[in-house]
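**Student:** Just so you know, the sequences run in chain order X and D.
Residue 140 in the numbering used here sits at position 140 of the first sequence; the count goes up by one each step and never skips.
Residue 136 in the numbering used here sits at position 136 of the second sequence; the count goes up by one each step and never skips.
Keep in mind the hints are simulated off the structure, nothing from the lab.
Since this is a predicted model, take the numbers as computed values, not measurements.
Errors might be hidden in some of the hints.
[Claimed, not checked] Label-pair distances were calculated between CB atoms; the ranges are:
id : chain 1 : residue 1 : chain 2 : residue 2 : range
1  : D       : Pro91     : X       : His368    : 11 to 21 angstroms
2  : X       : Gln374    : D       : Lys14     : 47 to 57 angstroms
3  : X       : Lys365    : D       : Asp66     : 56 to 66 angstroms
4  : D       : Ser10     : X       : Thr371    : 23 to 33 angstroms
5  : D       : Ser10     : X       : Ser232    : 43 to 53 angstroms
6  : X       : Glu231    : D       : Ser139    : 54 to 64 angstroms
7  : X       : Lys365    : D       : Pro91     : 51 to 61 angstroms
8  : X       : Leu357    : D       : Arg110    : 22 to 32 angstroms
9  : D       : Glu65     : X       : Glu88     : 32 to 42 angstroms
10 : D       : Gly111    : X       : Ile372    : 53 to 63 angstroms
11 : D       : Ala136    : X       : Thr371    : 24 to 34 angstroms
12 : D       : Glu61     : X       : Asp378    : 26 to 36 angstroms
13 : X       : Ile372    : D       : Asn186    : 40 to 50 angstroms
14 : X       : Gly62     : D       : Glu65     : 32 to 42 angstroms
[Stated by the list, open to error] Part of the chain X face toward chain D, derived, beta carbon under 10 angstroms:
id : residue
15 : Leu383
16 : Met397
17 : Asn399
[To be verified] Stretches of chain X that chain D covers, calculated by requiring three or more beta carbons in the stretch to come under 8 angstroms of a beta carbon on chain D:
id : region
18 : 284-294
19 : 401-412
For every residue, glycine included, the Cβ atom is placed at its ideal position computed from N, Cα and C.
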Amino acid sequence: MQSTIDFQDALQASYEAIQLATGNELMKEFRAKAFENFQAQGVPTRKYEEYKFTPIDRFLKGKIDFLRINETTPITQKEVEEHFYEIEGSHLVFVNGQFHADWSRIHGDLSLHEIDENFLSGDDQVLGQIADYEHDPFAALNHACFTSGISIKVASKEKTSVFIYHVIDSRQGQVISQPKVCLEAFANTQVAIAERLVLIGDNTLFHNPLTEVLVHENAQVNLTKVQAYGESHFVIDGVNVNQKRYSNFTANTMSFSGKLVRNNLNIAQLDENCESHMNGLYLLGGTSHVDNHTAVDHKMPNAYSNEMYKGIVTEKSTGVFNGKIYVRPGAQQTNAFQSNNNISLSDNATIHTKPQLEIWADDVKCSHGCTIGQLDEDALFYLRARGLDELTAKAIMLNAFAQDALTGIPFEVISKEVTEEIANRLAQ
Amino acid sequence: MLKIKNLKASIEDKQILNGLNLEVNAGEVHAIMGPNGSGKSTLASVLAGREDYEVQEGSIEYQGEDILELAPEERAREGIFLAFQYPIEIPGVSTTNFLKTAINQIREHRGEKALDAVSFLKLMKEKMKLVEMDQALLSRSLNEGFSGGEKKRNEIFQMAMLEPKLAILDETDSGLDIDALKIVANGVNALKADDNATIVVTHYQRLLDYIVPDFVHVLYNGRIVKSGDKNLALELEEKGYDWIKEEVSGELV
Chain X
1 MQSTIDFQDA LQASYEAIQL ATGNELMKEF RAKAFENFQA QGVPTRKYEE
51 YKFTPIDRFL KGKIDFLRIN ETTPITQKEV EEHFYEIEGS HLVFVNGQFH
101 ADWSRIHGDL SLHEIDENFL SGDDQVLGQI ADYEHDPFAA LNHACFTSGI
151 SIKVASKEKT SVFIYHVIDS RQGQVISQPK VCLEAFANTQ VAIAERLVLI
201 GDNTLFHNPL TEVLVHENAQ VNLTKVQAYG ESHFVIDGVN VNQKRYSNFT
251 ANTMSFSGKL VRNNLNIAQL DENCESHMNG LYLLGGTSHV DNHTAVDHKM
301 PNAYSNEMYK GIVTEKSTGV FNGKIYVRPG AQQTNAFQSN NNISLSDNAT
351 IHTKPQLEIW ADDVKCSHGC TIGQLDEDAL FYLRARGLDE LTAKAIMLNA
401 FAQDALTGIP FEVISKEVTE EIANRLAQ
Chain D
1 MLKIKNLKAS IEDKQILNGL NLEVNAGEVH AIMGPNGSGK STLASVLAGR
51 EDYEVQEGSI EYQGEDILEL APEERAREGI FLAFQYPIEI PGVSTTNFLK
101 TAINQIREHR GEKALDAVSF LKLMKEKMKL VEMDQALLSR SLNEGFSGGE
151 KKRNEIFQMA MLEPKLAILD ETDSGLDIDA LKIVANGVNA LKADDNATIV
201 VTHYQRLLDY IVPDFVHVLY NGRIVKSGDK NLALELEEKG YDWIKEEVSG
251 ELV
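One chain only, chain X, in its complex shape (with noise of 0.2 angstroms):
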């Protein structure tokens, strides 16, 4: 309990630094009324239902110092720009949770600008307006204490490509990093983003990123994160996404490692034949600790979602998948899809599987479905009485299960690099 204690005091020291360094009023208010719903929310514990499986304070006790700042890294720009994709579009930096403009690329007539009080005194309807911090103690967190952050509003009838870097240094020590991230997709838009870690160091890390996602009329939005975390890094990986009528978003979600990775995914469709796709795959090994929990809330008629998690899991590593689907009085002639399928490749390996499914309305197609089980037998014989070692013939077929959670990533280049992330993990 001590230390608990000492953690939330850190936490609390740590914000009213911050609070020390932000001039601008608006701004000290957004942060302590977010700072307020954290507090009331605490750091949650294994009797806090939504996190029941991946208790935040036990991972965090005695690993992160909140009260410490940042060491300024030696990282250089052109180390850092080794890692662009070559694929044309914008590419945006932040070291160490702090965006780096000069460092960035705008592609095009992207709008991009750095998040600061101007946002809260206008009609901004992103920043602060999408993540329901009241019941989410780390998008409160992120409200309160962000490093850095960026808002991007998209209104070309071009196709818009963004590709955000996220450098982590952890070589001068430990690295607290809670970046924000704005976008807006204006009517009739077409927007994909990918985000790409970069990690130097093997210092611990307490990463804290949120997204807040508007999508308006007819706009298609998608986002995809490969997440290949170290045995010493820590995350909470909010995004939150508001739908209007007729748009389209899909996101993407890649998992490998991480000591302790949260996902929060929050989709809610605002208004009427809304689609929404959530596609991920974790593929875990060590101690790794991977939890995808994710909410679509139809709010009105001729809605579609549709959700397909894969996961494989070996060593001592553990999954957790909790899928939430709302259907709202309102949301009628909706269909919706959810699939968690499972393959656990060792007895010590863990996962926790939970769909939950909230229906009021009468006229909907739902469906959900989850299955852990091993590889299958008579399969991995076949393969092998054709000649193939044991292990090629369990990584084709690991392989082969993965690949239908690559479909919605646009980018040919992250695909592919994802397919050889898992052929490198099935290797070893």
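We have chain X already, so just place chain D on it with the hints.
**Tutor:** Below, chain D alone, put in the same frame as chain X:
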């Protein structure tokens, strides 16, 4: 090529093979017939190295070496091929995809150079003709949504690609109409050579009209109880298996 001596095997404590003896030489076609549950498919699986079966006694010598300790893939690389009675469906894995890897692993084992994409494709096209296989089928998920005939043709296609020394066809005729049966049989016959051998496991004589065996063996209660030439198969077709069962129980009395 193959010498099976006093083979006893079980699965989950159920005794299936009870001292089976069989000798197969290069250039020969052997048919193994027998009533349901006599152990035909078990024999095929044990030869291919399926680990669910436990061999308690006896030996399997293949090309002068005891193969009982070899893994399925090692047997395959030494030239043993099993055409499955029920070819497995594997979503997301195409025949082309895994077969290329398999062939190159086998070639590596034999100290041969890996086939490049072009040579592989050329080989594939040549062998596809043999079983009148459509290339589109081969790039689809393995056996998923294939008809019964397509699955069996795919088995023989793979056999043609792997060029085994010893091919075991487990009930390859089951579920085939007469046209498909002919295609499959023609494929098998085309692959016949002086230096390879074929074991055809079947319940019915029908297939043996097309793949003519040099020897016919009757398997009953896990042992070969009668051997003969192709006429034995005709006799079985005409009289059924009851007279064999009676003969065997007569012997025992």
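**Student:** It remains to establish, for every hint, whether it holds in the given structure.
**Tutor:** Results for each hint:
1. In this structure the supplied range 11 to 21 angstroms holds for Pro91/D paired with His368/X, their Cβ-Cβ distance being about 20 angstroms.
2. Look at Gln374/X against Lys14/D: about 23 angstroms separates their beta carbons, and that is not inside 47 to 57 angstroms.
3. With their beta carbons about 59 angstroms apart, Lys365/X and Asp66/D fall inside the hinted range of 56 to 66 angstroms.
4. About 31 angstroms separates the C-beta atoms of Ser10/D and Thr371/X, a value consistent with the hinted range of 23 to 33 angstroms.
5. In this structure, Ser10/D and Ser232/X meet the distance hint of 43 to 53 angstroms, their C-beta atoms being roughly 51 angstroms apart.
6. At roughly 40 angstroms, the beta carbons of Glu231/X and Ser139/D sit outside the given window of 54 to 64 angstroms.
7. In this structure the supplied range 51 to 61 angstroms is violated for Lys365/X paired with Pro91/D, their Cβ-Cβ distance being about 24 angstroms.
8. Distance hint check for Leu357/X and Arg110/D: the Cβ-Cβ separation is about 55 angstroms, which falls outside the suggested range of 22 to 32 angstroms.
9. Take Glu65/D and Glu88/X: their Cβ atoms lie about 59 angstroms apart, and the range 32 to 42 angstroms is violated.
10. Gly111/D and Ile372/X have their C-beta atoms about 43 angstroms apart, which leaves the hinted 53 to 63 angstroms range violated.
11. Checked against the given bound of 24 to 34 angstroms, the beta carbons of Ala136/D and Thr371/X, roughly 30 angstroms apart, stay inside it.
12. For Glu61/D and Asp378/X, the hinted distance range of 26 to 36 angstroms is satisfied, since their beta carbons lie about 27 angstroms from each other.
13. Between Ile372/X and Asn186/D the Cβ separation comes to about 45 angstroms, which falls inside the hinted range of 40 to 50 angstroms.
14. At roughly 59 angstroms, the beta-carbon separation of Gly62/X and Glu65/D lies outside the given 32 to 42 angstroms, and the hint is violated.
15. The closest approach between the C-beta of Leu383/X and any C-beta of chain D is roughly 6 angstroms, which is under the 10 angstroms cut-off, so the hint is satisfied.
16. Given the 10 angstroms rule on beta carbons, the hint for Met397/X holds: about 7 angstroms separates it from the nearest Cβ of chain D.
17. A distance limit of 10 angstroms between C-beta atoms decides the matter here; for Asn399/X the minimum to chain D is near 8 angstroms, and the interface restraint holds.
18. Coverage of the region 284-294 of chain X by chain D is violated in this model, with 0 residues showing a Cβ closer than 8 angstroms to a Cβ of that chain against a need of three.
19. Check on the region 401-412 of chain X: 3 of its residues sit with their Cβ under 8 angstroms from a Cβ of chain D, so the three-residue criterion for coverage holds.
In terms of the numbered hints stated before, the structure departs from hints 2, 6, 7, 8, 9, 10, 14 and 18, listed from lowest to highest.
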